[in-house]
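Input sequences plus hints: build the corresponding full structure.
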Amino acid sequence: MTADAGPTRVDATAGVDGIGDAGATRAEAAGTGGPADPAGLRRLAVDTLDANWEHDHTVPSRTLYPHQWSWDSAFIAIGLAHVRPDRAWRELASLFRAQWADGRVPHIVFNPALRVGAYFPGPEMWGTADVPGTPAVATSGLVQPPVHALAALLAYRRAPDTTGLAALRRLYPALVAQQRYLADRRDVAGDGLVCIVHPWESGLDNSPAWDDPMAAVPAEAAVMSAYRRHDTTHADAAHRPTDLDYARYLAIVAAYRDHGYSDRELSAGHPFLVECPLFNAAFGAAEHALAEIATLVGGDPGPHRDRAARITEALLRRLYAPNAGTFQPRDLRTDRLVSARTVLGLAPLILPDLPTRQADALVVEARSARFGVARRMDRPLPTYDRTAPDFEPLRYWRGPSWLNTGWLVRHGLLTHGHPDLAAGLRRSMIGLVTQAGCHEYFHPDTGAGLGSPAFSWTAALLLDLLAD
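In the working numbering, the protein residues as written are 1468 to 1935.
To be clear, the hints were calculated from the coordinates, so they are not data collected in a lab.
Positions of the beta carbon are idealized from the N, C-alpha and C atoms, including for glycine.
Take every hint as true, because none was put in to throw you off.
Okay, the calculated beta carbon distance ranges per label pair:
| id | residue 1 | residue 2 | range |
| --- | --- | --- | --- |
| 1 | P1819 | A1721 | 37 to 47 Å |
| 2 | A1633 | H1522 | 13 to 23 Å |
| 3 | G1584 | D1767 | 45 to 55 Å |
| 4 | G1736 | D1628 | 46 to 56 Å |
| 5 | A1788 | A1568 | 34 to 44 Å |
| 6 | R1800 | D1597 | 21 to 31 Å |
| 7 | A1788 | A1836 | 17 to 27 Å |
| 8 | D1504 | R1824 | 35 to 45 Å |
| 9 | P1602 | T1823 | 42 to 52 Å |
| 10 | A1580 | N1790 | 49 to 59 Å |
| 11 | P1856 | R1582 | 36 to 46 Å |
| 12 | A1788 | P1856 | 16 to 26 Å |
Have a look at this one:
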C-alpha cells in the first residue's frame, strides 16, 4: 500500500482476538504477506526481536538505528519478558552499565564494533570519552524519558520468578540514581520538574511542540553540507527532519558538549530548555514504580511515593492548561506554554494519582477529532492534532502513529478506568501491524508502514498487546 492510498479502517475488530478476515485482507493488499492471526503476529514479533538482538541488547533496527537507544530498550524489555525473560533483564542491565557516574542514562550507547559513520551523529560528534565520570563505552551525553523503572516493574510482573527478582534487586540502585540525577541536575526552574536540553531527550524528536523553542536556536541549514546524514540514506528525506532542523539539533549538541555536559548554569545560556509533559509524566511514573520495586526488594517505598506526589502536583501547576484541557510543554526561555496539541499532552494519564478532573479532561482530548480514540477506531492515534493546518501525515513525529505513544496512552486509559477505550486503541495498534508489519511508525490515515520495516519496540509492544 502506498502512503497516499485512500483511508483504510485499521481497528481489525473482527474475528479471533480482534484480528479476523478483514485484517488478513489488508495484510495481503499491503503486499506484506504478513500473518493476520495472533499466533502469526507473535511469531513475527519474536522473529523481529531475534533478528535485532546484538549479544547483550536489541538494536531498534539494523538500518536506521544500529546502536542501543535508551527508551527503546525499556519498551523492548517489556515485550521480551513475555518470550525471552532472560534477555529482558540483559537488555536493561546492558543499558545501565553505560550509566554515567552522575546517574544519567545516555540516550545512545554506541557499539564499538561498528564502523565510523554507521550512524550520524556518531561518537566522534559527542566526544564523551574525555568527560569525567563517563563509562568505558562511547555514549551520547543526552538522556531520554525515564520509562525504565516502569519497564523493569512490568518485566517482573510478566515473568515473576526468583531470577527476575534478583535482577530487579540489582537494578534498583541504578534506577534510583537515574531519578536522583534528573531531580538534582535537571530541575532548572527549581519547580520540581525536569527540564530537557534537546528535542532528542523528549523521544519525540521532531514534534511540532518544539517548533517555537527551536526557532530561537541560531543555525543555518547550509552547515549540513559538511556532514553526511545517515537517516536520509535509509528513509525518504520528505519523511525526516529538515536540514535546518538538523543544523539546530547539532548546534544544541555542540553547546552542551562544549560545556562538558554540565547541567550547572544551564539557565544562563543553553539554547533549548523545555519542561516536557511526557518526560515528566515518565519521571513521576518511575517513582510510583520504584515504590513497588522497593517493596519487592526490601526497600522503603515511602520516599518514592512522596516524590511521586510532588511531581504530579508540579505537573498540574506548571504544565496543565485548563482552557485547552490538556498538558503542554513549557519553554523556560520565554516561560510560556507551547500551544501545539500533541500526544505529549496525553501522557500524564499514566500517573495513577492524576486527579479525576484532569484525567477526565485528557480523555475528552483523546476522544476529540484531534486524536480520535474510540471503542472502534477508523484511524490510528496520531502524534499531533490531525485537525491542525500544519499536520504532516508522513513526517517524523509530526502526525504519524507510533506504537510506543499509543501504548502509553492505553496504559493511562486503563489506569483511569476506561477499559473500553483502551480496548479500541489496542485493536487499532494490532491492526496496524496486521496490515503493514513491524514498522517504525505508520501513516495516521491509511495505516501504511513508514520508517524502518523491522522495528524492535513495535515488535516488543505488539507482544505485550497480544498478551492482554
